[in-house]
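With the hints as a guide, dock the two chains, each given alone in a separate frame, to form the complex.
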Amino acid sequence: MTQTVFEPWNDPNEKPLIQFRGVTKRFGDFTAIDNQTFDIFEREFFALLGPSGCGKTTMMRMLAGFETPTEGTILLAGQDIAPIPPNKRAVNMMFQSYALFPHLSVWDNIAFGLKRDGMARDAIGDRVAEMLKLTRLEKFARRKPHQISGGQRQRVALARSLAKAPKLLLLDEPLGALDAKLRQDTQFELMDIQEKTGTTFVIVTHDQEEAMTVASRVAVMDHGQIIQADTPARIYETPNSVYVADFIGDVTIIEGTATRDGAGYRIDFAEGQPALYAETDIALTDGQRAYLAIRPEKVSITAEKPEDKRNALRGKILDIAYLGNLSTYHVELPKGQIVRAQTANTRRLSRRSFTWEDEVWLSWTDTAAVLLER
Amino acid sequence: MRRFTWFNATSLTLGFAFLYLPMVLLIIYSFNESKLVTVWAGFSTKWYGELLRNEAFLDAAWVTLQVAFVSSTIATVLGTMAAYVMVRAGRFAGRTLFSGMIYAPLVMPEVITGLSLLLLFIGIGLDRGVFTIILAHTTFSMCYVSVVVSSRLVSFDRSLEEAALDLGCSPMQAFRLVTLPIIAPAVISGWLLAFTLSLDDLVIASFTAGPSATTLPIKIWSSIRLGVSPEINALSTLMIAVVAVGVITASIVTKRAALRQQADQRAAERA
Chain G
8 MTQTVFEPWN DPNEKPLIQF RGVTKRFGDF TAIDNQTFDI FEREFFALLG PSGCGKTTMM
68 RMLAGFETPT EGTILLAGQD IAPIPPNKRA VNMMFQSYAL FPHLSVWDNI AFGLKRDGMA
128 RDAIGDRVAE MLKLTRLEKF ARRKPHQISG GQRQRVALAR SLAKAPKLLL LDEPLGALDA
188 KLRQDTQFEL MDIQEKTGTT FVIVTHDQEE AMTVASRVAV MDHGQIIQAD TPARIYETPN
248 SVYVADFIGD VTIIEGTATR DGAGYRIDFA EGQPALYAET DIALTDGQRA YLAIRPEKVS
308 ITAEKPEDKR NALRGKILDI AYLGNLSTYH VELPKGQIVR AQTANTRRLS RRSFTWEDEV
368 WLSWTDTAAV LLER
Chain R
150 MRRFTWFNAT SLTLGFAFLY LPMVLLIIYS FNESKLVTVW AGFSTKWYGE LLRNEAFLDA
210 AWVTLQVAFV SSTIATVLGT MAAYVMVRAG RFAGRTLFSG MIYAPLVMPE VITGLSLLLL
270 FIGIGLDRGV FTIILAHTTF SMCYVSVVVS SRLVSFDRSL EEAALDLGCS PMQAFRLVTL
330 PIIAPAVISG WLLAFTLSLD DLVIASFTAG PSATTLPIKI WSSIRLGVSP EINALSTLMI
390 AVVAVGVITA SIVTKRAALR QQADQRAAER A
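Going line by line, the protein sequences match chains G and R.
One point on numbering: in the working numbering, the residue at position 243 of the first sequence is 250, and numbering is uninterrupted.
One point on numbering: in the working numbering, the residue at position 71 of the second sequence is 220, and numbering is uninterrupted.
Incorrect hints may have been included.
Dumping the calculated DSSO-like pairs for lysine-lysine here, alpha-carbon to alpha-carbon at most 30 angstroms [claimed, not checked]:
| hint | chain 1 | residue 1 | chain 2 | residue 2 |
| --- | --- | --- | --- | --- |
| 1 | R | 195 | R | 368 |
| 2 | R | 195 | G | 151 |
| 3 | G | 122 | G | 95 |
| 4 | G | 95 | G | 203 |
| 5 | G | 146 | R | 368 |
| 6 | G | 323 | G | 312 |
Listed next, with one range per pair, are the computed distances between beta-carbon atoms [claimed, not checked]:
| hint | chain 1 | residue 1 | chain 2 | residue 2 | range |
| --- | --- | --- | --- | --- | --- |
| 7 | R | 188 | G | 153 | 39 to 47 angstroms |
| 8 | G | 97 | R | 330 | 24 to 32 angstroms |
| 9 | R | 246 | G | 153 | 34 to 42 angstroms |
| 10 | G | 41 | R | 246 | 34 to 42 angstroms |
| 11 | G | 146 | R | 230 | 37 to 45 angstroms |
| 12 | R | 246 | G | 195 | 50 to 58 angstroms |
| 13 | G | 146 | R | 406 | 22 to 30 angstroms |
| 14 | R | 226 | G | 128 | 26 to 34 angstroms |
To be clear, the hints were calculated from the coordinates, so they are not data collected in a lab.
Note that beta-carbon positions come from the ideal geometry of N, C-alpha and C, so glycine has one too.
Bound-form chain R, shown alone (with noise of 0.2 angstroms):
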């Protein structure tokens, strides 16, 4: 099957080239000398040092990392929650309809969500800032985390808990000391969901940011209708090295981990 033949090579160059395109023209233009952005003058960095000089830049970097940060935890706890309730709970009256209730909001469309929460907010009182984008981006990426934790906790050997209770566990140690390390790493990857949804969410932060907050996305967006500056080509590259970075980390640690314990296993069944 390893065969190289033309139509595969085209396929692959087709298929990356619109995958990647964009994103590498953004980044090569990110290097250019020239203000005028379609214009290429020559290799530079210098659109990175203004940037690190644009204090509204920096302002909105800082309130996505704080919203990121609190609302991926929240949803992580909350998502968590729900996942093991759904998963534990058993057949009840309603299950699928409370399930179904749990997962809707990843179909919901982000406007719809955006404009309930705004009316919400304005409805309570509540003035719009990094605390409602907080709360609006807990509630939408709580179920992109109870989706991923409750997959693994379907595959999880009940008889560990009851392993835990027997042993002297109250029901909430035992959830501690044994089901959360073992889930930890479904829990974690839902958390980095979560923290990447809210880092690059536009549509739901703009309609529940206020005057006093705004987020990166939201900031690059109305910079855009002034025209493209090359600092935020600057910005974008630095996103999307952090993001590279992250995910190849992440990936090169599980594989790395999973090889172990292969290797592992095979020792333990020649022993």
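Extracted from the complex, chain G is given alone in its bound form (with noise of 0.2 angstroms):
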């Protein structure tokens, strides 16, 4: 049986639904976003992820319409939507704040759009339904925003952009206001929602875990630009650039140069170290200046010198950050730098094999660490 993975964005044929094309917005002398080009495609999920202010928002008011592009045009389904006013658009958004009108009832929040597009009333009631059904809210459909909880009322935010049935569906850090265990169940409740629709959906976040769960592709921006859109697992495990890779999850970066040798290259990094090897695609020159980023859980920790690896440097235990399933150590080396080590903590702690001050060789494959060039 072969299964159809979804990957849009490797066919040439697949046409996409919205379509970045240099696109650049300045607020006064403050770049917001700088010269972008990039696709969405048809169902799916993108997630925008960056710190504040490096214009994720920004990138999504314009496709809401609430900003216009200063250079560039976006497309969407092909037709350029810069003068199309945001209540003409077959685009919704889920606010921040979630926005509900305070003074409508559940029902009429979620009616509200669709009211506005003249449906006939029969119509109006069950598509009301089937969203209040969607969203589990069908015992508040009388209730007023005030009179429900948090997480409810992020149900019907999510009820009420979803009626009208968008083409493209925009998310503003949705789940911002709910507490880490809701957050988890309403990231996978909003998967399901997505996956059910087959509603595109564009999500805004700072937190990169949330956009490593939900989203088909995750685009790092920095600065008004993206700097690496992939799916979540090779923006983790072949990050572009030293931000990407410590930007998302944990990471120790080691810089040294780089030196030729068979698939990889050798990295110097300081002196009276061993040099470091890592297996590339990239090209780099000899000599040049190179980053190697080792995620903690690919490094292991042992007592004797491993024998089989060609990266194995000696260091001193720093640090122990007890997280319950993980433990991570912080390594130091002789030269001062720290190597962060995960180990998973399949036994009880009493058991545990290293402590503070102990002397512990790290070792990984040479395909472990990603060797970066900026």
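What follows is the structure in structure tokens.
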């Protein structure tokens, strides 16, 4: 049985739903979006991820129609959307504050957009009932927004923005106001609803875990530019820059000079330390500065020097962060660099093999570390 | 902190006496049998009966109500529009000047406002009467409405309007269906404020009123000059009663709405 993988961005025959073509947005002297060109495909769950002020919200507001690009064009299904006002776009948005109308009941909030379209009364009733069922809010239809809890409000906002069956749904930090546990449940609910409705979702978030969980592709942004846009797995495993590697998850960055060696490069990073080795597809010139990014869970920690691995460093345990299921060791190398190593706590804590101040060996395979140019 | 001390009791008594003694006196003397205002001659409600037969007073009251109703309505529409523009327009050159100019009439001496309006009406050859009083009252009460409404608009979540646009409203519909219902309490209190201001205005009305129309405050003022009659006491007592009932009702309604909202919120958090 062949499983079809959902990867329209790799299919040259697929037509993108949204196309950004050289889009720049300036507010006075400040450049919020800097000449961006990228595509979002139908049925995608696309996440814009970045620190605050990186331009992700501006990007979303341009799609909704609350901002217009200074330069460049945005196409929705092949049509330039710049001249179309927000109320005429087949795009709906779920606001960070939810923006529920406080003077209307849950039912009327969801029906609001449908009424503006001049839909027949019966049809509105059916559609609202369907949305209430989808978001499990049937019991609360007659309540006002201040009479329901935060999680329920979030679902009303979602139901309201989905009611008009938009081609594209924009979600602005949709889970920001929920507590951690509810957030997780809601993330899966969002994915479920996205799959059921087949709507294209674009989500803005500063929470990398959230982006990784829900999205089919994540675009990591910084200073108005998308640094890398790819699947969560590829963003994590093969980041294209130190910025992305550092932004997503935990990582140790070792800076050194590269020398070609077989299928990869040898990295000299400190005097008196053995050289490290990483296989890679990228081409560097000998003697070039390069960065090794190593995820802590790919580093093994042992008492004896492992014979079979080329990357092996000796160091002293400086700190142990115990997270319950995992422990992260901060190991200091003789020159002062800190390398992080993570192990799963499969045994009880009392049987832990290493403790503070222990001398240990850190090692990883030739393919474990990612070699980066910048 | 809830301690009874002689100092607290004294200051409370003095304060309230200062505020309410004149009014209490007026109410008591409105039930005076005697025609002499300062001599008590037993309880009677006859001056209320006299008042109802006094056509001049009734006419003036009718004019006052008309003026107050129409001018406060126009002032509410204009004041709300001004507040909306000032809050929404964001930064532009001369914004401070404009908002200052909207609020300036608040501190302008009424005599000057009245005089300048009089000069204007004479200048353009407008006959003074109900219409000119309405215009004058609209002018000065508009800025009060604008202050009340803009303080509500400042705390108004802008994304509510954006959500309305996003769901297919034209900007006009967004204002009518979302913004207006939410700021309605502020608009209503603005209207009430304008209404009361117009109701008791003497200075501006006396500049802009003509022989064809006299408002109640002008009427009271001019009859006082011929001596205080118990009829006026009765009339004033009625006005105090109307205002008191209005204020008390408004505060009860607001209080109960707030309590209900709190109870709802608590119930929602528990659920």
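Unsatisfied constraints (hint numbers, rising)
Of the numbered hints, 2, 5, 7 do not hold.
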